[in-house]
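Novice: Single-letter residue listing:
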Amino acid sequence: MTARCPSDLALERHLLDPARSPLLAHVEACPPCRERVARMSAEGEHFRRFVFPATVDAVLDAASEPRRRRWFPLVLAPVGGLAAVAAALVLVLRPPAGPPPDYVGTMGGPITLSVFTPGAEGPHALADGEAVPAAAALRFKVKAKDCSLFILSVDGAGAVTRLFPAEGAAAVPPPGGELPGGAVLDGIAGPERLYAVCAGRPLPWGEVERAARAAAGGGADRVRSGARLRLPENASQATLLLEKRP
Amino acid sequence: MAGERERAAEAYRTYGPAVYRRCLRLLRDREAAKDAAQEVFVKLVRDLSRLEDPEVALPWLYRVATNHCLNQLRNAGRRGEEPIGELELSGGAGPSFADRHLATSVLARFDEGTQAVAVGVLVDGMGHEELAGVLGISRKTVERRLARFLEGARELIGVTP
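For the protein sequence lines, the chains are A and H, in the order given. Just so we're aligned: 18 in the numbering used here is position 18 of the first sequence, and the numbers increase by one with no gaps anywhere. Convert by adding 1000 to the 1-based position in the second sequence; the result is the number in the numbering used here.
One or more of the hints may lead you astray.
To be verified - Cut-off 27 Å, straight-line C-alpha distance, at most; resulting in silico cross-link-like pairs (DSSO-like, lysine-lysine): (1) Lys1140/H to Lys244/A; (2) Lys143/A to Lys244/A; (3) Lys1140/H to Lys145/A.
Said to hold, decoys possible - Now the stretches of chain H that chain A is said to cover, found in silico as 3 or more residues with beta-carbon under 8 Å: (4) 1012 to 1023; (5) 1041 to 1047; (6) 1054 to 1063; (7) 1121 to 1133.
Keep in mind that the hints were calculated from the coordinates and are not lab data. These figures come from a predicted structure and were not determined experimentally. Note that CB positions come from ideal geometry on N, CA and C, so glycine has one too.
Given these sequences and hints, build the entire structure.
Specialist: Shown next as structure tokens:
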């Protein structure tokens, strides 16, 4: 074949349903690709015969375990309703409290973080410091320009939880409107501070996580005081404190 | 809960081979790939809903598996257990042999995002557009990270392009 051969990922799609795969013609006419598919099929067979039986119990146990937090497909309300509430209630959150003396400083464009939770009359935009059920479901909306976003939280026990994006080492540009997915709080009473961090240059998650751990390290009072994360100058931040009630 | 276990088992049956193959491709060792596939799927089943649509699930599990295995390679390299240079690089058109050789030599020195791009292009032979979709980043970002990787790699080993 002279056409560019498909990637492994494309061949994985092919193997899910070879009969209806758009790659079928290419694979049949391309000896190297036929060989790749044959090898992948053999590896799949090895998985089914040996790997699956040896590992499935551990995987299913993990699926059954209660989780501290997780992303979930959440529909709070019809989109129109949410948009209307959002338009009325979007909060421009206060910036984090003043930096410590050794703080290197933050700059960058403005960022707003809005957090919603389901209410009796539809989504409710949460105010800074507002009490919420300890296992409340949350949705997020961020306004920021020309930057890549992480949303994370820290709690009084010093735990740092990444909320957006769910996977990957790098932040991603904030999509317009509400963010996909959401988060469920862990059900443990106490303060929980959410941060939205948006940086104009690639900002590794590890760097953000380290900064968050440093901010969370002082216990509940430190979380409530809203320490600014020590991040590079081009990282904008917004924060919101929630008080989780039993 | 029983329903969730059944869904997880079905997802593992469907996508487990893809995760295992991905891990085998990167780790080059059946036993390590078996353990890695299990560990990756333990992560994946925490969000079963994302495994329902193959168009969503495959790029996602591919990314999670890639990151997991790259972490393993990086950690093993740090411990001096396993050279990362065992990766089998993509052939065909695209990066030159010299560029691909650079990949195996210095991959571990870069952050995860850059590694993912380098592996996607240089190991998997993925197009920039396809890789951008898998990683959830723009094509320009793919190109920028690849350029940064190649430039940094050359600097690291003192090679001029």
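Novice: For every hint, state whether the structure bears it out.
Specialist: Each hint, compared with the structure:
Distance hint between lysine 1140/H and lysine 244/A is unfulfilled; the C-alpha atoms sit about 41 Å from each other, more than 27 Å. Of the pairs offered as hints, the one joining lysine 143/A and lysine 244/A holds, with about 25 Å between alpha carbons and a cut-off of 27 Å not exceeded. In summary, the hint linking lysine 1140/H to lysine 145/A is supported, as the alpha carbons are separated by about 17 Å, within the 27 Å threshold. Coverage of the stretch 1012 to 1023 of chain H by chain A holds in this model, with 9 residues showing a Cβ closer than 8 Å to a Cβ of that chain against a need of three.
With a threshold of 8 Å between beta carbons, the proposed coverage of the stretch 1041 to 1047 of chain H by chain A holds, since 5 of its residues qualify and at least three are required. Given as covered by chain A, the stretch 1054 to 1063 of chain H passes the check, having 6 residues with a CB less than 8 Å from a CB of that chain where 3 are the minimum. Using a Cβ-Cβ cut-off of 8 Å, 5 residues of the stretch 1121 to 1133 of chain H lie near chain A, which meets the minimum of three, so the contact claim holds.
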